[in-house]
Amino acid sequence: MRNSRFHTLLPPSAEQQVAVDTLLYSDNNLIIDACAGSGKTTTILHLAKAAPETSFLVLVYNRRLMVETEERVNALNLSNLTILNYHTLGARYYTPECGTDQGLKRVCEDDMPVMNGKELPDFSVLVMDEQQDMTPILKRFVDKVIRDKGFGMDSSTNQSLRVVVLGDKRQEIYGFNNADSRFLTMAARPEVFGYINKHGWVSADQTMSNRVTRQNVDFINQQMLKKPLGTAMRAVRNKDGQGVAFPRPRYIICDPYEDLLDEVLRLFTLKKVSPTEVLVLAPSVRGSSPVVYLANALALRGVPVFRSDSDVSDVAPEVAQGKVLICTYHQAKGIERRASIVLGFDQSYHTWFDKVVEPPIATSNPQYVAATRALEHLVLVHDYRRPPLPFVDLQTVELSCDLAVLRPLQIEEEKPRREIPAFSVTALCRNLSETLITTCLERLQVRLLAAPAFSIQPQPPTEIEDRHGLLEGVSNVTGTAVPAVFQWRQRKQLAILASPLKLLEPPRRRPKRPNPLRTLPTAFYEKLESIADAHIDQNLSVDDILFLSNLEMAAKDKDITKLLAIPLDGYTWLNEAHCKDIQYTLNSLPGEAKIPGRGLQFESVRYRKFPSITHGGGPTNPEKKEGVTLSGAMDICRTYGANKTVWEIKNSESLQPEHLLQVALYMLLLGDDSASGFLVSSRTGQVVEVVASQPAALLEILQLLVDAKSGGEQTRLLNTFSDEEFLAECRRDFAGLVGKCALPAWYAMRPSGSKFTRKGKSRGRRSRHDSETEI
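Here the sequence shown is numbered in this note's numbering, starting from 2 and rising by one per residue.
It is possible that some hints are incorrect.
[Unchecked claim] With a straight-line cut-off of 30 Å between C-alpha atoms, the simulated DSBU-like cross-links for lysine-lysine are:
| no. | residue 1 | residue 2 |
| --- | --- | --- |
| 1 | Lys-416 | Lys-356 |
| 2 | Lys-170 | Lys-356 |
| 3 | Lys-528 | Lys-493 |
| 4 | Lys-145 | Lys-199 |
| 5 | Lys-503 | Lys-651 |
| 6 | Lys-610 | Lys-710 |
| 7 | Lys-741 | Lys-710 |
| 8 | Lys-559 | Lys-356 |
| 9 | Lys-557 | Lys-356 |
| 10 | Lys-503 | Lys-595 |
| 11 | Lys-493 | Lys-557 |
| 12 | Lys-199 | Lys-170 |
| 13 | Lys-493 | Lys-513 |
| 14 | Lys-528 | Lys-356 |
| 15 | Lys-610 | Lys-651 |
| 16 | Lys-356 | Lys-610 |
| 17 | Lys-416 | Lys-626 |
| 18 | Lys-625 | Lys-610 |
| 19 | Lys-559 | Lys-493 |
| 20 | Lys-741 | Lys-170 |
Simulated from the structure, these hints should not be mistaken for lab results.
Using the sequences provided together with the hints, build the complete structure.
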């Protein structure tokens, strides 16, 4: 167990006792709107402990919450709860395709039965946690599970299912994916969940936080929530175990690029906070974010650091353990640490990230989440070049926090956006709503050329031990290395070596900020020199290729933390069998997908201007302009001749819907309407051909994605609907928001057989319905 608190269950608070009493002494359903840190999971455990003969199905939002809740359940020896997230429930009992929302949609569209030999878990109380994150697709799926268990079929069964919904309406942060907190606050309505039984509904709100200190709550209430917009937070904790009052929040006006390191070191030295107790939050942790420079500075000082390489996906606890954790506001949900440093606490947040039509009069939900992660020390970072947030009053802020003006305010005018904005393929395909993904996929056809099959076992590890004795994730390094291993073994050439070799020469010009790759210890450049010599001698090892792949990632992300974490002699997780497997798989692609022996480029970076694509034009960016530039780095491509082709290689067991959109944009970059695109899993050998459904389809996809990223015209999101419109959509089963399943069932099929027995045999599906699907 990661935490001793998992083994104990403290007595319920007065607010939690209301929920327990409602369960035990009435037949009412429960709505629990619980503030951050008030113990929603603990409430669920108390309900189960108080009613040991009652069976509970607890649905949580993501895998991390599922695992953590299961750990607590097991530690407390509670046997009457089944803990699942929505996608795991679908994949375990309906179809493996439920790993994505597309699969959940198919289960509902086709009214799929439970798998042969499986039965849904028994439950008489349905608990839905993090209900503010529910989407129309998840709502449809829950309705189906309820029907499949026979609830709602007759009056007797109708009386046997009770419902508990928990969440925090202030933590609704996935509105871009049509999440809506009214699935929590309006759960009692018959259009939502009131139809399940004829019982009443009781509100048992939890307004007292056990995590956030009173000092931090005072700041949040006075400067962020701004009455009368909602009930003020309350806090249990005011002093530590020695009776010493907790510190007030620290509001610093500074240069985030220059002053953050000292702020973290201050926590280490003056406050005796360890790296594993520090959380650094920012609206984005990619690109030119100051947290990238902070991560590098800490790593160069030997401090273990984990910077998430995503802006939304879950943080894996095992690779963050023991390290300073750097992630986004969105990723911080459910995470708490002794100290939390929150960047973007100024007007730049609404200028660049959470764009709004009118200046907000209270904090946005993501910043509320960010401000409620600290167990003790909360540090709020205001860039001295930006105005304060509209709801923060610098004249009164010192009443509830310690103000530290490290640099006086020097407000700069926002630099005008470039006339022709540039977008990368990976950025356009990141953090997309399911609705947008479906709309784009409808413009493509996909053909299965090779079904997934089992490969050698064991597969390369996803984590290794770093120089601190902690776990370091290496999946992305391996994924970058796969095409390079293939290129080297086929041609004795290595595209990813060209850029690192420049590090052995003096820089041609002095950049605005130092290139982090030129700040590494001497041993790194010595290793690079030895690799250059081995390349000349045609004697590169797979260890060398893994090191170069890590350098390639560091150059793209400007992040050297993984380079510094992995020992120079630690690049040993790919062996000869793995390399032979890569070579065999990529040499065995069927039919038109076969990779030729000549005319190829690896890691080819392409740029192309699209004068007809518009950007802007929506409520948050009203001025619509023409022209964008698209860029992308293709794993393998053929850019000349009549058969321009791109091969996108994924080192994963399963392919995701977004991968198809990446291939489509790479095809567009090739500049030929007849370009071919193939998506390949190097692990399973699954091969999918991507084809535009009609000549303008790829441009239409690009326009849709640019609109989403530039504030252009888009389909209305559910959280912009009035209450009346929301209930009307519920009655229509969200037909106006949820499109048809846009992927064929085979896209998410599980591996079967061995890919080593298929050479020379037809591996593709050629029937009209199975092999060619317009989506």
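Verification of the supplied hints:
Only pairs whose Cα atoms come within 30 Å are accepted, and Lys-416 paired with Lys-356 is accepted, the gap being roughly 16 Å. Distance restraint check for Lys-170 and Lys-356: the Cα-Cα separation of roughly 20 Å lies within the 30 Å cut-off, and the hinted pair is therefore satisfied. Taking the CA atoms of Lys-528 and Lys-493, the gap is near 20 Å; set against the 30 Å cutoff, the hint holds. Simply put, Lys-145 and Lys-199 have alpha-carbon atoms about 19 Å apart, close enough for the 30 Å limit, and the pair holds.
With a CA separation close to 28 Å, the supplied pair Lys-503 and Lys-651 stays within the 30 Å bound. Restraint check for Lys-610 and Lys-710: the C-alpha separation of about 17 Å stays at or below 30 Å, so the hint holds. For a cut-off of 30 Å, the pair hint linking Lys-741 to Lys-710 stands: about 24 Å separates their Cα positions. Between Lys-559 and Lys-356, the direct Cα distance comes to roughly 26 Å. Compliance with the 30 Å bound is thereby established for this hinted pair.
Using a Cα cut-off of 30 Å, the hinted pair Lys-557 and Lys-356 holds, with the two alpha carbons roughly 27 Å apart. For the hint linking Lys-503 to Lys-595, the alpha-carbon distance of about 34 Å lies beyond 30 Å, and the restraint is violated. Between Lys-493 and Lys-557, the direct Cα distance comes to roughly 24 Å. Compliance with the 30 Å bound is thereby established for this hinted pair. Of the supplied pair hints, the one linking Lys-199 and Lys-170 holds, its CA atoms being roughly 25 Å apart against a limit of 30 Å.
Proposed proximity of Lys-493 and Lys-513 is contradicted: the alpha carbons are some 37 Å apart, above 30 Å. With a C-alpha separation of about 45 Å, the suggested pairing of Lys-528 with Lys-356 is violated against the 30 Å cut-off. In summary, the hint linking Lys-610 to Lys-651 is supported, as the alpha carbons are separated by about 27 Å, within the 30 Å threshold. This hinted pair checks out: Lys-356 and Lys-610 have alpha carbons roughly 26 Å apart, not beyond 30 Å.
Using a Cα cut-off of 30 Å, the hinted pair Lys-416 and Lys-626 holds, with the two alpha carbons roughly 17 Å apart. Proximity of Lys-625 to Lys-610 is assessed by CA-CA distance (about 17 Å); at most 30 Å being required, the pair is judged to hold. A distance of roughly 28 Å separates the Cα atoms of Lys-559 and Lys-493; the hinted pair therefore holds under the 30 Å criterion. For the given pair, Lys-741 sits about 29 Å from Lys-170 by alpha-carbon distance, which is consistent with the 30 Å threshold.
Hint check: violations occur at hints 10, 13, 14; the rest are consistent with the structure.
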